[in-house]
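Asker: For the record, the sequence lines run as chains A and B. The numbering used here puts the first residue of the first sequence at 1, with every later residue one more than the last. The numbering used here puts the first residue of the second sequence at 1001, with every later residue one more than the last.
Rather than coming from a laboratory, the hints here were simulated on the basis of the structure. Take the hints with a grain of salt, since some may be wrong.
To be verified - Taking lysine-lysine pairs in the DSS-like style, the calculated list, with each CA pair at most 30 Å apart, reads:
1) K1431/B <-> K225/A
2) K187/A <-> K1451/B
3) K225/A <-> K1451/B
4) K1271/B <-> K1321/B
5) K1114/B <-> K1011/B
6) K187/A <-> K1431/B
7) K1086/B <-> K71/A
8) K323/A <-> K1137/B
9) K1271/B <-> K183/A
10) K1379/B <-> K1441/B
11) K15/A <-> K1011/B
12) K1073/B <-> K187/A
13) K187/A <-> K1321/B
14) K1431/B <-> K1283/B
15) K1431/B <-> K183/A
16) K230/A <-> K1379/B
17) K225/A <-> K1379/B
18) K183/A <-> K1073/B
19) K183/A <-> K1283/B
20) K1271/B <-> K187/A
21) K1271/B <-> K225/A
22) K1321/B <-> K225/A
23) K1011/B <-> K71/A
24) K1283/B <-> K187/A
25) K71/A <-> K1092/B
26) K1451/B <-> K183/A
27) K1137/B <-> K322/A
28) K1321/B <-> K1283/B
29) K323/A <-> K312/A
30) K225/A <-> K1283/B
Said to hold, decoys possible - Okay, the calculated beta carbon distance ranges per label pair:
31) I1236/B <-> G58/A: 43 to 53 Å
32) D1126/B <-> G73/A: 12 to 22 Å
33) S227/A <-> D1126/B: 58 to 68 Å
Stated by the list, open to error - Covered stretches of chain B, going by a simulated chain A footprint (3 or more residues, C-beta under 8 Å):
34) 1236-1242
35) 1394-1402
The beta-carbon is built from N, C-alpha and C at its ideal position, and this holds for glycine as well.
Given next are the chains, with one letter for each unit.
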Amino acid sequence: MIQQLATDVVARALKLGATEAECTVAEGNEFSASVRLGEVEQLKEAGSRGAGIRVLVGQRTGSATTSDLTKEGVERMVRAAIENASVTTDDPFAGLPDEAELGSIDVDLETYSESVEQLEAEWKIAQAKAAEAAALQFDPRITNSEGGSFDTYLSSRAFANSRGFSGLARSSSCSISAVPVAKEGEKMERDYWFSIARRPDRLEAADLVGRLAAQRAVRRLGARKVSTQKVPIVFEPRIARTLLANLFEAVSGDSIYRQASFLNGQLGARVASEYITVIDDPTIPGLFGSSPFDDEGVRARRKVVVERGILKTYLHNTYTAKKLGTTTTGNAARGLAGNAYVDHGNFFLEAGSKTPEQMIGGIKSGLYVTELMGQGVNVVNGDYSRGAAGMWIENGELAYPVSEITIAGNLKQMLLDIEEPGVDLEFRGSIASPTLMIREMTVSGN
Amino acid sequence: MSFTDSFFPRKFGLSTADLESYLGVALSHGGDYADLYFEYVATSSLGIDEGIVKSASQGVSLGVGVRVLSGEKTGYAYTDDLSPEKIRHACKTAACIANGPSKVEKTGLNEGPKRDLYPVLTAPNDTTLNERVELIKRADRAARAYDSRVFQVRASYADNVREILIATSEGKLSYDRQPMARVNVSVLARQGEGSPQEGYAGGGGRMGLEVFESDKSPERYAREAARQAIMQLDAIDAPAGEMTVVLGPGWPGVLLHEAVGHGLEADFNRKGVSAFSNRVGQKVASELCTVIDDGTMAHRRGSINMDDEGNPTQQNVLIEKGILRGYLQDNLSSRLMGGTSTGSGRRESYQHVPMPRMTNTFMLAGDSTPEEIIRSVPKGLYCVNFSGGSVDITSGNFVFSASECYEIENGRLGRPVRGASLIGNGPEAMKYVSMVGNDLKLDEGIGVCGKEGQSVPVGVGIPTVRIDQMTVGGVA
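Construct the entire structure; sequences and hints are all you get.
Answerer: Written out as structure tokens, the structure reads:
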């Protein structure tokens, strides 16, 4: 149904004077259950739909979106997009992908599972309760809770364009989390753990989620500040993935054509230590960055972005590729409408062979980071300064919790200073990293 | 304007009888309270990049959210289809949070008093597209003309007009029309083969396009963004460690938003998970600090005539001369804590459950002149611009990221310093405020606050403030 609507919208736009058109129609159903202190706190259930169109009139672009999918609503949207194209400027690089790039890979990416749809509300509530209960029972210092939750989301996304592409991608997800609060004296600390998967049988067990959350919250009690110094920094996987997100932004064609990245002009150069290989692969079944085609209808493919420290490719959509005289890498993304931006598939750093214990074991004095706060990352010049909390490492062991400190450096140097990564690569979302260690950064405290 | 002339009755034929009937369905399983939130948002946005107007978009989003409260429990459902069947279905879904026979007496719907904090003669989306495009073209030209080292300029314009209608089972009927417009400019500058540097500025409010003909002109924001980028070309590495920090007036008020504002939202305090929980009446800041959250300031980005539960916004004193006075309350938390709503229940859209949020948060002016404050610091950091912040409300630790700073040496401003994060603990950091300037300034109107996945527009403000001790996260 939505696939047909996308095709019809494109046809209507051409009829009303568009030279080219592309249309996205999406629908989604969300369910969320949250519980607190053993009681249901909130249940939410609803569905929504929306459509968006982008047209080219000659070399000028216009867009519009609507959540009103009645015939009149859709007609208004198409006319608005064409009207919008009348005020933009001719852009010689604007356009759709070449026909040869369009298409879907012919593999079941397992992004959708009926089993999510079949879950009963009572069961989902019970899961949320079980996660929270496990957290509350873990330790007497867990005295309060922001709750447990179980959420599901089902969505379908259709895309069509005036070069003959029409595709439909369905996806499902479910997630479970717990957010306990630990208390000692007057001081409180909160932490969380979660698990997310395309299907419920891939989720971590509710009581494991609760226990891990509680363990993390309790471990933070008694956190102190440390003095300002330069030390090795170890990032747990949940935090290391934020460094990958920073790297992604720096290799995104959007940043590159604007010369807004510290990695401009570095293709073929060493940008990271020889231990580092980074892949963008939307074709791995069952993951959150998996998709048979990108948001311009370009066939999905695997790319090696950094190979043993050498920058092999930037990531492009059709526009950024044209700007830089190359071809799209199938990394187009967009909301419902508007010009495509650049996004990743499954963007990850390949695992090394060290266990986290081995990595920590070699450090005399350093910081194991379990939380980062604030923005503080400037991809234009690489400056990096973020609030942090975690465990202080002393003589190869996690010695005591620390908080209210910052870590700072420059991404250019940080990437070159990464030691051999951990073995513990795991996917909790579309960006993933194993444990990472950076030889030296500035810790600021008292 | 009477109810029947307001947006939803006019456009969708909604009557008070319809609303009462939907509320009846929402309470059919024995809920204590229900409300309906109808929303229609028309948006438009334009972008210029490399001197080319590359994007122009318009959008329409509409729907209704249905909420049912039963004790501490909330049931929520929404639909983007305003047909009676779909609305009834959403009401039935939300109703199931309660478990029992309907127990609420049917009450009629009555309109409360009205006011208009943002009278707008011509809504931004009633102007021609060409008028709006001209704003970003002006910004582009002004930024490029500022300095030859500017090599990239991006400017964007966005507006929206939000029509809302709220009906509650307590008989309250309210509606509002909320316009918003803003311009943003981002500039990159470079000197020779050096690293590029970025500058960013923008502003707006709940007004029509006339706002950009006053001091909030696109040219001013363009020059301000360019000035910041150029200034960064000569900046030295930021220092690391504890030191005295002076915050400039205006946007650095984001300190208040992170250090105290979020921690005073009633939901966290009802649950006892905030570092400020059970501390009303206690000293949480130096006596120089009086912090206000005020949703009633004319035309400001964070202002609203009524909150998203239909309660009028008001001026709320959060901290008075250092003493914690109260929390920001929505309907649910005030019911459970035994108070009244402070007009702080806000939501991103009809798809979201309301919760206590800030509006415009600022500190009252003090007696010191800004010059006196800087002169008083032997060695420290003067921070005038920030790119945002965040807070862990339970531990109270907060971070905010400075994007424009200067050294202070012997009471004088020195060299510009690269960006760095500042970190502190909410209930502690504000005790180190030792001087407050007489130059209270509010921000330009670009603030967005995120909480539990929901974004709402907010404002902040602060006078020049001296904080004796704060950790600065540089490298030097």
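Asker: Check the hint pairing K230/A with K1379/B against an upper bound of 30 Å on the C-alpha distance.
Answerer: Since the Cα atoms of K230/A and K1379/B sit roughly 22 Å apart, the hinted pair holds (cutoff 30 Å).
Asker: Can you confirm whether the C-alpha distance between K1431/B and K225/A stays at or below 30 Å?
Answerer: 18 Å, holds
Asker: Given the hint that K15/A pairs with K1011/B, does the C-alpha gap stay at or below 30 Å?
Answerer: 29 Å, holds
Asker: Keeping to a limit of 30 Å between CA atoms, is the pair of K1283/B and K187/A held or broken?
Answerer: Holds, at about 17 Å.
Asker: Quick check: do three or more residues in the segment 1394-1402 of chain B have a beta carbon closer than 8 Å to a beta carbon of chain A?
Answerer: With 7 residues in contact (Cβ-Cβ under 8 Å with chain A), the coverage given for the segment 1394-1402 of chain B holds.
Asker: Is the Cα-Cα distance between K1011/B and K71/A 30 Å or less?
Answerer: Between K1011/B and K71/A the Cα gap is close to 16 Å, so the pair holds against 30 Å.
Asker: CA of K1321/B to CA of K225/A, is that 30 Å or under?
Answerer: Status holds; Cα separation ~29 Å.
Asker: For the pair supplied as a hint, K187/A and K1321/B, is the alpha-carbon distance within the 30 Å limit?
Answerer: 25 Å, holds
Asker: Hinted pair, alpha-carbon criterion (30 Å max): K183/A, K1283/B. Please report holds or violated.
Answerer: 21 Å, holds
Asker: Is 58 to 68 Å right for how far apart the beta carbons of S227/A and D1126/B are?
Answerer: 60 Å, holds
Asker: Is the straight-line distance between the alpha-carbon of K225/A and that of K1451/B 30 Å or less?
Answerer: Roughly 27 Å between the alpha carbons, so the hint for K225/A and K1451/B holds.
Asker: Cβ-Cβ distance between I1236/B and G58/A: within 43 to 53 Å?
Answerer: 49 Å, holds
Violated hints: none; the structure is consistent with every hint.
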